[in-house]
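Engineer: Sequence:
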Amino acid sequence: MSDQAARLREMMSNSGPKSTCRTIAVTSGKGGVGKTSLTVNLALALSRGHKKTVMIDADLGLANVDVMMGISPPHTLSEVVRGEKTLAEILLPIGEYLEIVPGGSGIGELADLDQDSLAHLVRQLSSLEQRADFILVDTGAGISNVVLNFVLAAQEVLVVTTPEPTSVTDAYAIIKAIDRRSPETIVRLVVNMADSEGIARDVAQKLIMIVERFLKIKVEYLGFIERDGNVSRSILQQRPLLDAYPYSVASRRINLLAGFLLEEEANPPPATSFFSRLAGFFKNKGDA
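So for the sequence shown, our numbering puts the first residue at 1; every next one is plus one.
None of these hints come from the bench; they were simulated from the model.
Don't take each hint at face value.
Said to hold, decoys possible - Result set (DSS-like, lysine-lysine): computed pairs, CA atoms no more than 30 angstroms apart in a straight line:
no. : residue 1 : residue 2
1   : K283      : K30
2   : K206      : K218
3   : K216      : K30
Claimed, not checked - Label pairs and their calculated CB-CB ranges:
no. : residue 1 : residue 2 : range
4   : R213      : E96       : 40 to 48 angstroms
5   : S117      : F260      : 33 to 41 angstroms
6   : Q130      : K206      : 38 to 46 angstroms
7   : Q130      : E164      : 37 to 45 angstroms
8   : K85       : E197      : 41 to 49 angstroms
9   : V249      : R48       : 16 to 24 angstroms
10  : S196      : G83       : 21 to 29 angstroms
11  : G198      : G229      : 17 to 25 angstroms
12  : E212      : I71       : 36 to 44 angstroms
13  : L262      : D116      : 34 to 42 angstroms
14  : D112      : P165      : 37 to 45 angstroms
Glycine residues also receive a C-beta, built at the ideal position from the N, C-alpha and C atoms.
Sequences and hints are given; from them, build the entire structure.
Structural biologist: Spelled out as structure tokens, the structure:
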């Protein structure tokens with residue numbers, strides 16, 4: 001068993017040279033805060049900045065990326081996990097700079113792979129990092145082990161909340177869970193569905209103050225998105241907000257958030273790839 005584990009570590013460490021790809025997990029403490037909508041439109045905005053972007057639908061309970069984009073993936077990661085398809089066969093290209101990895105139940109199946117199968121899958125997935133500038137992961141909501149595996153494997157984390165007290169409380173819970181396992185993680189806060197910039201900033205400042213008082217982790221306020229009825233209308237139309245209502249207030253804010261990410265200097269790449277770290281967490285059953 002120890003020989004197998006050593007071979008897995010070696011194969012994963014040799015999965016490719018370090019890349020400058022930034023992996024960003026978009027997460028939330030609870031559902032209904034607009035996390036998936038933000039992920040979809042942020043990925044679209046980054047790709048329109050001529051950055052090769054890969055979006056991974058890793059929400060096991062509510063895999064809605066395809067629904068929000070009006071697409072029907074013929075294959076998912078489940079088939080790659082089972083060896084029925086290659087990664088290249090399930091990727092969905094959306095324009096020149098954006099690709100989607102439909103997760104499906106394949107995300108949960110990662111924990112059941114043997115060492116060699118997992119290492120083979122990691123090599124396929126790691127190829128995405130060699131050619132992408134950004135990988136955005138739409139995680140599930142809450143603090144389950146599956147969610148935390150993706151969050152802890154990513155270089156950066158966007159925590160999405162609304163001004164509602166229950167949403168803020170749940171956002172603190174996910175930040176606390178990250179702090180317990182990896183206090184050096186880069187965490188940014190996005191306040192969604194805010195009635196004004198002042199309200200959003202007040203929510204962010206109060207949450208960050210509580211984090212600074214009780215936790216070691218550092219949280220930065222990335223920005224906010226106004227409450228905008230066009231968001232729900234675009235979802236009903238199964239079109240990304242940036243396509244359906246490109247001049248809406250929410251679209252403008254999402255483009256600003258993408259601009260902040262595009263303009264800032266990327267952190268040095270980690271020693272191992274995102275997918276290697278993710279595989280390690282799954283094989284350890286979520287114990288980071």
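Engineer: Confirm or reject each hint.
Structural biologist: Status of each hint after checking the structure:
1. K283 <-> K30: Status holds; Cα separation ~26 angstroms.
2. K206 <-> K218: Holds. K206 to K218 sits at ~14 angstroms (cutoff 30 angstroms).
3. K216 <-> K30: holds (22 angstroms)
4. R213 <-> E96: 40 to 48 angstroms: holds (46 angstroms)
5. S117 <-> F260: 33 to 41 angstroms: The hinted range 33 to 41 angstroms holds for S117 and F260, with Cβ atoms some 39 angstroms apart.
6. Q130 <-> K206: 38 to 46 angstroms: holds (41 angstroms)
7. Q130 <-> E164: 37 to 45 angstroms: Holds, since Q130 and E164 (Cβ atoms, about 41 angstroms apart) stay within the stated range.
8. K85 <-> E197: 41 to 49 angstroms: Given about 46 angstroms between the Cβ atoms, the range holds.
9. V249 <-> R48: 16 to 24 angstroms: 18 angstroms Cβ-Cβ, so the 16 to 24 angstroms window holds.
10. S196 <-> G83: 21 to 29 angstroms: Violated - the Cβ-Cβ distance for S196 and G83, about 52 angstroms, lies outside 21 to 29 angstroms.
11. G198 <-> G229: 17 to 25 angstroms: holds (20 angstroms)
12. E212 <-> I71: 36 to 44 angstroms: holds (42 angstroms)
13. L262 <-> D116: 34 to 42 angstroms: Hint holds: Cβ distance 39 angstroms, inside 34 to 42 angstroms.
14. D112 <-> P165: 37 to 45 angstroms: holds (39 angstroms)
Hint 10 from the list above is the single one not met by this structure.
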